[in-house]
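Visitor: Residues per chain are reported as follows:
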Amino acid sequence: MTKPLIELIDIEKHFGPVIALAGVSVSVLPGECHCLLGDNGAGKSTFIKTMSGVHKPTRGRILIDGQEVAFSSPRDAMAAGVATVYQDLAMIPLMSVARNFWMGREPIRKFGPIKLFDFERANAITMEEMAKMGIRLRSPDQAVGTLSGGERQTVAIARAVYFGAKVLILDEPTSALGVRQTANVLATIDKVRKNGIGIVFITHNVRHAMAVGDRFTVLNRGRTLGTAKRGEIKAEELQDMMAGGQELAALEGSLGGTV
Amino acid sequence: MTYSQPQPQQNGAASVVELAKDERIKEMPAWRKALIRPELGAICGTIIVFAFFLVVARSTGMFAPQGILNWGVVSAQFAIIAVGACLLMIAGEFDLSVGSMIGFAGIVIALMSVTWGYPVWLAIIVAFAIALAVGALNGYLVIKTGLPSFIVTLAFLYVLRGLTIYGAIATTRQTIIGGVAEVAQGDPLAWLFGGKILGFLFVWLADIGLIGKFVAGPKAGQPVIDGIPMLIIWALALIAFAHVLLTRTRFGNWIFASGGDAQAARYVGVPVNRVKILMFMFSAFCATVFATCQVMEFGSAAADRGLLKEFEAIISVVIGGALLTGGYGSVIGAALGALIFGVVQQGLFFAGVESSLFRVFLGVILLMAVILNTYIRRMITGER
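Protein chains in written order, with numbering that gives the first Met the number 0: chain A, 0 to 258; chain B, 0 to 383.
Misleading hints may appear alongside valid ones.
[Unchecked claim] In silico BS3-like pairs for lysine-lysine, Cα to Cα no more than 30 Å straight-line: (1) A:K48 <-> A:K228; (2) A:K193 <-> A:K2; (3) A:K55 <-> A:K2; (4) A:K55 <-> B:K143; (5) A:K165 <-> A:K193; (6) B:K143 <-> A:K48.
Just so you know, these hints were derived from the structure itself, not from any lab.
Extracted from the complex, chain B is given alone in its bound form:
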């Protein structure tokens, strides 16, 4: 096989030289490089929100230890469900049944432990098992039918909420089941969700005068904060786990690939179906963590808990820079989105602003985040 083929080789050689320095590709300024990361909007938003409330609500005790704990807990609640929604959205799917799952899991725990008298730890395990099964079913239906996850999980939004209310009324004739706190006394698993840790640290901080003590009432002499709620620990642990999973592991690469282009991913051997179903299960797991913490904190479960939580989770994720179309996003961003949420919701309360304005804020910030994300995506993919 001897032949000469001057043309492509010449072209090839010439193009290699030109590739070495293409005059039309400008050196990218550092600020622009920094902009091309999903968390940027959320980082800016966090700074703005904190700056705003430091000015407006400083004198209200919002940044005193109790105030910090107040918005910290609310932010952690948002973060727990946002982490699940984040990985799922990056894998290219939605879960609108998160809010209903929260109500459902709560009622399962309360029904089993209070009404039927099973141990609380067993009730919690059963709630998690049912939630994971429903998550898997969500995923399985989405994969098998090829329907948008929006529709499939919307169906479960109604199915689960309906079952929750029916289950509560049919067994106890009311939609709120109380008395969980009493049966949860000394339960090992209940403490994991409703307990507090590092209490001694706050006693010490109070002793050296860094935080205040109660001066009157039954708790007189105790520090104003008696520990860090396990809810916050769960939020931090889930954020760390999901962040490492997404950015540092093989499975994380598969999550990005499944959401970026499922067909291209399948073609190179990524088990797209498994990835998506597992992410639906993770989303349901996060919702159940939320539900369990809430039940242990309030000592009761109510059939209407978790209303609209699915949208708040999705908004946190979008503020965090994830694309609604999948394949791009960040757990850290979603966590910051949840922090913005918590700080603003509680901050408006501290500042004495009418709380319904919170929803106005949500709508506006959602719109801004989506516009910014679209712009960032164009910069990455070079679309015009």
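Chain A extracted, bound-state conformation:
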């Protein structure tokens, strides 16, 4: 078994009197897609925000390559190779793909004392990285607003990978997408995983999780209900664990097994 890229052990997070996380443990291996499942309010968002440096855990340890770390900001986490792609905060629609891709890390070309944005290099690399992910751009000047939701997610993923992410956290990347766009994003996840990057895939859609997941961790009411490997667990079981058991089984009966 390879060593985990990142390990979170017994993470607790309290907001005043509210216990958002009451002991969550997750590890991510190189080249695996670790699905984090849970219903709304299960603590998924709090957990990934802790992982990406937005929140500090109240208790618990975070290990990266076996070393304990404490992130005080998202920048710390990014410097340690933990990148997060948020569902809607990833891209600026009015700006071109290349400008978005390089935002905050623009390449520079010097003309004496004047430093200019090196568009030639930025455009070439953007086109190349997009092509690797299977997106054909008309031009790197194309506004991100003209891309589909799935393509935007893919640009954000490509950007994180290009800038050296080792662990990539995807916050519900498929929740707002149609069937084909979802398939595109799942295919992208598969490509990225093959490069040895560990992926944390947050979703509440069991079918999307089953399509690409290597391991599955279910969160419910701020706790880990356990981690299962692919093949050890069926979609129905995951679904039941997410919903907290019986109720959904009863509900499912009345809906004719369609949920």
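Using the hints provided, position chain B relative to the given structure of chain A.
Guide: Just chain B, lined up with the frame of chain A:
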């Protein structure tokens, strides 16, 4: 870790093939591509305005050298403040205190140089320093309070105007301070704002008969234009600087990003707060350039100078294709917006039209520009 996962891979492969040619994305015609740039409306507007006045006011001397200089200077004035407002608006903020800042900086210069007898260059430097500090304060308050810049700078619109009038009356018992021209004689920095260059060129042009000479009066024998005012040079320099900054540098990308989505920009490490505060300072800088040029040209400062200039700057920027919501726009567009402004304002004068109609024109063109911009934005972002 061996497992098979036929489903996503199949889908992935299929979608790659389809991505290569998506039948539902039509090839975009060239005219439509050309339309998707912020300056388009302003370019069309400029052509229409020039065509109109070439027909209507040709015989009035509007396009003779003196006429060109006349509307050129007015356009340059608009352009100087529009450039500052443009970058600030693209960064997602407004500055309504521009007009008050113009009056304020002018009075500071006149008070210090005429009333208190300091050298003019020192007065100019102090005016710029105070303006930059007020700009930074504007920005700092907007960032720290999270209030809309509309409100914060509206407060400064009143604060600065009030201080200006109070300062002038309390020290000199009047709201106009004259005599700047006399104390500015030979001042090195004053020339930079009130001087004229390339005078020799016009002497030569007059000698070869391309432009006229005065035939009578004290200036008889001199060309009708004695040089290009530094005001126009400032306008051109600011336009060039801001255009390169916005479109060709890393900082320019940060300006777009800060206005497009501040949170997304922060998330990837763009120093959004710094960008916005610097843009507030740049806006105040431009207002002070305007004020200094005006004081040197008129030889006086008045506490009511610059009234409504903030809105004229914003209208120029909007005609130039910038979105009021930030994240999109063009310095060249804003400059063309200022040119339209200047040409129409002076053109109506040349054509002998009642000048109050200028404001009607402003309102109408503002509305048209915003409608066009909204349409262009929809085309870019694919919203419906």
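Visitor: Which constraints among the numbered hints does this structure fail? Numbers only, ascending.
Guide: none
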